[in-house]
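Fit chain B with the ligands to the supplied structure of chain A, relying on the hints for placement.
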Amino acid sequence: MTAEKMTMAQAINAALRDAIAEDDSVVVFGEDVAQLGGVFRVTDGLHREFGESRVFDTPLAESGIVGMAVGMAMNGMRPVVEMQFDAFAYPAFEQIVSHVAKLGNRTRGKVRLPIVIRVPYAGGIGGVEHHCDSSEAYYAHTPGLTVVAPATNADAYGLLRAAIAGSDPVVFLEPKKHYFAREEVDVAVPVPPIGRAVVRRPGKDATLIAYGPSVPVALAAAEQAATEGRDLGVVDLRSIVPFDDETVCAEVRRTGRAVVIAEAPGFASVASEIAARVGERCFHHLEAPVRRVTGFDVPYPAPKLEHHFLPGVDRVLDAVDTLQWEDAA
Amino acid sequence: MSAGQLKAAITPARLLDENGRLVRGASKPDAEALLEGYRKLVFARRLNEQCGALVRQGRLAVYPSSRGQEACQVACASVLSDDDWLFPTYRDTAAIAARGVDPVEVLTLLRGDWHCGYDPNEHKVAPQATPLATQLLHAVGVAHAARLKGEDTVVMALCGDGATSEGDFHEACNFAAVFNAPVVFFVQNNKYAISVPLARQSVAPSLAAKAIGYGMPGFRVDGNDLPVLEKVLGEAVARARAGEGPTLVEADTYRVESHTNADDATRYRADDEVAEWLPRDPLLRVRTYLTSVGALDDAREQEIAAAAEEMAAAVRAGVGAETVVDPEEIFAHVYSTPTPQLAEQRAALRAELDAEEA
Ligand SMILES: Cc1ncc(C[n+]2csc(CCOP(=O)(O)OP(=O)(O)O)c2C)c(N)n1
Ligand SMILES: [Mg+2]
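Chains as they are written, first to last, in full-length UniProt numbering: chain A, 1 to 329; chain B, 1 to 358.
Honestly, I wouldn't trust all of these hints.
Just so you have them, the derived chain A footprint on chain B, three or more residues with Cβ under 8 Å [unchecked claim]:
(1) 91 to 98
(2) 113 to 125
(3) 162 to 168
(4) 185 to 196
Here chain A is said to cover these stretches of chain B; the calculated rule only asks that three of the stretch's residues, wherever they fall, bring their Cβ under 8 Å from a Cβ of chain A [stated by the list, open to error]:
(5) 173 to 181
(6) 234 to 246
These aren't lab readings, by the way, just hints derived from the structure by calculation. Here a beta-carbon is modelled for each residue, glycine too, at the ideal position from N, C-alpha and C.
Only chain B is shown next, with the shape it has when bound in the complex:
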């Protein structure tokens, strides 16, 4: 462990500062690629806003917003190739959408139709995990199996700061390191686990610093800085693909909204604290930078906004459409072949429903 590695795990790396200026010594990002990143940020923000509205209209049961974390959401998806896997949590709707899954399919869970609305195999996106940190071990398993099969798949495994306190987080990191599995653990440290602040989760110098104990590299990055996230996550993916094992990346970011719409963050944090983070908005700094280098003008901005609006309209229409949920489906997938008991229970429910209709 060199002093440099320790520093990388503790001091957040940054390329674009809060004022949208490149930090000293940073090489110029490719403007076209960053513009594409910006488009995705705008989409992610718009999706968060749209889902918030759908909750207020009673169209979604609940929505854990990633507002303020959009750079993390976009970056973790954009560094993957099609055959790689993403293991998201309940908060990562925008990341799944950035991976290319139709948001309406993703929202099947939160509108209460079914537990997972997309095909994990088709998109290489695991179902959104609610039991905290449990998915990280699955990610290690997918990665290890890929290696055994001779595939060069990389797995991006997401979790929050709170989830790093669970035993499964520790086990996943250790397994990945011991098996040299091609996994990137990406912790969005948004400073809260519902009401519990980071200081109550960990007194380690950083969450990324935990990587040292497992024998893998750890990096802390400014989680509201899209270029640095794409760089550090991209390098971690490349190392994993090259057989160099797992990496733990911690994004220093902030949960701008309440835990979910059902939560009231004013009970446990001051408005001042939130206000301090608002100028560090991940969209703002990319916009400022792109404008300053002449890559983004009003026309371009309007075009991006219009496209995001179109996406939001499609989400509204899709989520707003009456879905037909088939009561009998609750029996359909429990086993690959239903047990005799389930067949009996299904028939009993059918009879009840028929009697109601008659």
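Just chain A, same shape as in the assembly:
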């Protein structure tokens, strides 16, 4: 029996450990990842187990971390770097957008960069400013980046293994609110492919589409809707780029109604992209316009105000209520 209860932090830790053990080219570095084991303890014990050449602390500079990862990847290694928090990845933006994302294309595929940039992201933890950003749209908007956002601990393990083993750079968004929730993880199941969504809950009345920290919100909303006689399905995207049109559209075509849920501000967001794609592809199956339930278009609020910002079950159910049910009756 290989299944074990573990937190998401432990699942990611296990993925890193197994990847380092299996592949000599995997190196893990960043701020506070070695001796401390990361501020969220995600890299706990790895430095002790594998030593300084495989797991190391860098000087405090995100641009330096990602830029050095580019060079190491050019020289045959598989760097897995940690940005300490979402907003602290921004000093690395130049390296990510101009180099990590583009080098493969610039060199006609001669140079590939198997880099994983791990980013603890999103809110709901009462963090002060700059600790709760949902920054996925910046990355998803940048051609060349694969953007993955696990919602379950099993996916955190499997998708990180897939990300490290792949040949393209991956921005790996870890919903920090869920770092310490315990779930069953079986590390022996085959590694899932990146780019496939999964139906977490089948439903016939409407489809909730979510990723990362919004998946548990979607599931809770579906649970509550069931008690009110409405059968909502939940699709967990897992990967934002590549986007799984097939799974998403198959579900929406069955139900004819869709609500997209995401924490990031809604304007020009990943949620908007999803709504547009579903609208284009499922138009003739839709009973109502696709709704988005997202954060407001404001900077992430201070801890005492964040609950007003975060899309919660009530807002999701309110959106579901507007999906023109009267026409169906």
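Only chain B with the ligands this time, still in chain A's reference frame:
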């Protein structure tokens, strides 16, 4: 670059030693001024302790303490005049308070009410910066603008040892030097960036020595020695005001507590190391000196302690008071004129809140 300048950038200058004795050749500090400095040190220490307690009571979300760094906190504020600017970090609550901002306003950030609780323009104190080293460039901008406007403002820009590894630190130093901007970069080298020790940030002979490469003077000082900090920072401010450009001052100090209450420093440093720094306490040596010259007696000490206690009580009361945070305010300041979309979203939130109340 003379040998003397190189030495000043590498060997920490000192006026008051760990035993509270003036070092050889040091001129006697003005006792009244030092007593005032001592009062501020006691306040800063008391504020650190009070904030620690408020975190434990759940009144503050988090507190990065400057315990052990109080001399730095006090000195960087006391060398400025009212029209000068201070650019602090998350760790510099006590420095902002020493500048005269009500600590309760400063703690708005850490109690989770809003991102910045004081008016930067009123106090000439920038919002506390969390993204490391980014504020240093803003400091250069304020300083350069002041020069363009013909004002004699000086800007004190704070950061930690870890932040000196960020690109923005380098850019700020270089810009300030090239524009001859009236900035004092004050690096509190407390030996750690969370868990990462100084040796992993830099193998330069000192952080102040980096100034040489930018073409500005650099000074390393004992960061637990209030008189030397006030002297060196004061001279740097005077040079900047006189049009002689920026200075980089590095304080050799120590972060006595964990990075924040959420951190556990025992994971990465030995208790022995902390114990070694405790006798170098910045309050202790000033107290010993003042007592030895007869400027501080028990009555005076008690009076200072009582005043600090009063401040702490006001902080407790202020932070403990229930604040009313207005949910709609999250829309209020994003643009000077809200976009139509924000107006719509604000109305939607209002409707939700009304429905909850009904
Ligand atoms: C750009 C950026 N990266 C990472 C962080 C996370 N972080 C907060 S404080 C800190 C350590 C800073 O150390 P130092 O500059 O020495 O200041 P100290 O905390 O010791 O006062 C880190 C890594 C941040 N705030 N900003
Ligand atoms: Mg430090």
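Evaluated hints:
Only when three residues or more bring their CB closer than 8 Å to a CB of chain A does the claim for the stretch 91 to 98 of chain B stand; here the count is 0, and the claim is violated. Taking a C-beta to C-beta cut-off of 8 Å, the stretch 113 to 125 of chain B contributes 3 residues in contact with chain A, enough for the three needed, and the coverage statement holds. Residues of the stretch 162 to 168 of chain B with a Cβ under 8 Å from some Cβ of chain A number 6, which satisfies the need for three, so the listed coverage holds. Evaluation of the coverage hint for the stretch 185 to 196 of chain B: fulfilled, as 4 residues show C-beta separations to chain A shorter than 8 Å, against a requirement of three.
Counting residues of the stretch 173 to 181 of chain B whose CB lies closer than 8 Å to any CB of chain A gives 0, so the stated coverage by that chain is violated, three being the minimum. Coverage of the stretch 234 to 246 of chain B by chain A is violated. Counting CB-CB distances below 8 Å, 0 residues qualify, and the rule asks for three or more.
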